[in-house]
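Participant: With the hints as extra help, turn the sequences into a complete structure.
2 protein chains.
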Amino acid sequence: MKAKIKVTLKTGVLDPQGKAIEGALGHLGFGGVGEVRQGKYFEVELAETDKAKAREQVKAMCEKLIANTVIENYDIELG
Amino acid sequence: MKAKIKVTLKTGVLDPQGKAIEGALGHLGFGGVGEVRQGKYFEVELAETDKAKAREQVKAMCEKLIANTVIENYDIELG
Numbered sequence: 024m025k026a027k028i029k030v031t032l033k034t035g036v037l038d039p040q041g042k043a044i045e046g047a048l049g050h051l052g053f054g055g056v057g058e059v060r061q062g063k064y065f066e067v068e069l070a071e072t073d074k075a076k077a078r079e080q081v082k083a084m085c086e087k088l089i090a091n092t093v094i095e096n097y098d099i100e101l102g
Numbered sequence: 024m025k026a027k028i029k030v031t032l033k034t035g036v037l038d039p040q041g042k043a044i045e046g047a048l049g050h051l052g053f054g055g056v057g058e059v060r061q062g063k064y065f066e067v068e069l070a071e072t073d074k075a076k077a078r079e080q081v082k083a084m085c086e087k088l089i090a091n092t093v094i095e096n097y098d099i100e101l102g
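Residue numbers (our numbering), protein chains in the order written: chain A, 24 to 102; chain B, 24 to 102.
Each hint can be trusted.
Pairs involving identical chains hold if they fit within one copy or between any two copies, as the list cannot separate such chains.
Within a straight-line C-alpha distance of at most 20 Å, the following computed EDC-like cross-link-like pairs (lysine to aspartate or glutamate) qualify:
#, residue 1, residue 2
1, Lys25, Glu45
2, Lys42, Glu68
3, Lys42, Glu66
4, Lys29, Glu66
5, Lys33, Asp98
Honestly, the hints are just simulated from the structure, not real lab data.
Facilitator: Right, here's the structure in full:
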């Protein structure tokens, strides 16, 4: 099973990389661009075939290693 | 409209960050973990309300700035 994990900064946490991209898009001539937020994305191959167990396992991975839950949210998609 | 963009390394491109996470997960006691690949994730707020035009605009942003199409793939989701 493959887990797809999106890690995003929580609302209110400053995102200077996102701001830089926002500025760069404006300089490149893209109009109507509002806020840009940058996050991280991970794909993890799992041996586990049970969806509920896989979700538990990936949740533990996010809490312990992949996301900094003080400032980041994570979203898990299995498939 | 909000565009959600996933940028991933193309198959065959080495991913040392992913490998490091794979190793770290093993050290933390997570079993059955196969390949880990790290990518990037972006959320872009757009003034454009037409879905087809928004997709064209985001595609151009990816080609020009957000993704390095030599080594990366991108996937756009609008909503």
